[in-house]
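With the hints as extra help, turn the sequences into a complete structure.
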Amino acid sequence: EAGVAQSPRYKIIEKRQSVAFWCNPISGHATLYWYQQILGQGPKLLIQFQNNGVVDDSQLPKDRFSAERLKGVDSTLKIQPAKLEDSAVYLCASSLGGLNTEAFFGQGTRLTVV
Amino acid sequence: GENVEQHPSTLSVQEGDSAVIKCTYSDSASNYFPWYKQELGKGPQLIIDIRSNVGEKKDQRIAVTLNKTAKHFSLHITETQPEDSAVYFCAAVDYTGTASKLTFGTGTRLQVTL
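Going line by line, the protein sequences match chains G and F.
When we follow my numbering, the leftmost residue of the first sequence carries the number 1, and every step to the right adds one.
When we follow my numbering, the leftmost residue of the second sequence carries the number 115, and every step to the right adds one.
Just so you know, the hints here were simulated from the structure itself, not pulled from any lab data.
There could be a bad hint or two in this list.
SDA-like mimics (lysine to any residue), calculated; alpha carbons at most 20 Å apart, straight line [claimed, not checked]: (1) G/K44 <-> F/D141; (2) G/K44 <-> F/K151; (3) F/K156 <-> G/V55; (4) F/K156 <-> G/V89; (5) G/K15 <-> G/V113; (6) F/K171 <-> G/K44; (7) F/K156 <-> G/K15; (8) F/K185 <-> F/S142; (9) G/K44 <-> F/Y209; (10) F/K151 <-> G/V89; (11) G/K44 <-> F/E170.
Here you go:
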């Protein structure tokens with residue numbers, strides 16, 4: 001079974017530029033999560049989708065971050081404009097959903113904002 | 115919302131010794147408690163989990179215990195090996211009937227020395 005795929009693996013941008021990350025979850029997984037992991041900290045939930053609907057985006061900085069999950073499969077996370085404090089690893093995870101809560105993570109995208 | 119605290123932040127043990135990591139959670143509605151291992155440059159990987167109707171679960175050298183009354187859960191690794199060196203995260207999951215919300219602890223960096 002293929003795992004959660006993310007791209008790119010690494011990205012370096014200047015502040016005020018924009019950037020987009022892509023995630024392809026495990027086939028059949030209804031729930032998709034985007035987490036931000038700052039160095040030395042635990043992952044923090046940014047947004048959670050159930051199929052193509054948003055379940056929780058309470059911690060997403062909506063003035064600069066946006067995410068979509070068209071057709072309930074792949075997802076993109078965008079930052080525009082980026083700030084220095086956005087430097088982090090962005091992790092995508094997916095799960096079957098419902099009571100089956102085991103989440104599988106991708107390798108993440110390491111973003112450096114300079 | 116849920117708040118998960120994790121201790122210690124760093125732990126160094128000699129090969130063959132045991133390691134214990136402890137977590138507390140705040141939301142009594144949380145009903146699923148996974149533990150993740152994160153190696154350098156990789157996404158978190160599930161190593162063991164426990165549901166709220168169980169007090170203890172064991173899988174070879176790792177075990178997890180749950181005290182729902184006290185809202186505590188712990189990870190125990192016996193006979194540690196160098197390949198156990200990694201960052202470990204506990205998490206608490208609350209299934210709301212619509213979706214599962216996964217909240218992580220702050221992580222424990224485990225170093226197993228020879």
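Under the criterion that the straight-line Cα-Cα distance not exceed 20 Å, is the pair F/K156, G/V89 satisfied? Since the Cα atoms of F/K156 and G/V89 sit roughly 10 Å apart, the hinted pair holds (cutoff 20 Å).
G/K44 paired with F/E170 [C-alpha distance capped at 20 Å]: Given pair G/K44, F/E170 is violated - Cα atoms ~27 Å apart, limit 20 Å.
Mind checking the alpha carbons of F/K156 and G/V55 for me, to see if they're no more than 20 Å apart? The given pair, whose Cα atoms are some 26 Å apart, is violated under the 20 Å limit.
Next pair to validate is G/K44 with F/D141; report whether the Cα-Cα distance is within 20 Å. holds (17 Å)
Given the hint that F/K151 pairs with G/V89, test it: the Cα-Cα distance must not exceed 20 Å. holds (16 Å)
Would the hint linking G/K44 and F/K151 be met if the CA-CA limit is 20 Å? With a Cα-Cα distance of about 16 Å, the restraint between G/K44 and F/K151 holds, given a limit of 20 Å.
Under the criterion that the straight-line Cα-Cα distance not exceed 20 Å, is the pair F/K171, G/K44 satisfied? violated (27 Å)
Holds or violated: are the alpha carbons of F/K185 and F/S142 at most 20 Å from each other? holds (7 Å)
Check whether the Cα positions of G/K44 and F/Y209 lie no farther apart than 20 Å. It holds: about 18 Å lies between the C-alpha atoms, which stays within 20 Å.
So if I understand the rule, the pair passes when the alpha-carbon distance is 20 Å or less; does G/K15 with G/V113 pass? holds (6 Å)
Take a quick look at whether F/K156 and G/K15 sit within 20 Å of each other, Cα to Cα. violated (25 Å)
Checked against the numbered hints above, the structure breaks hints 3, 6, 7 and 11 and satisfies the rest.
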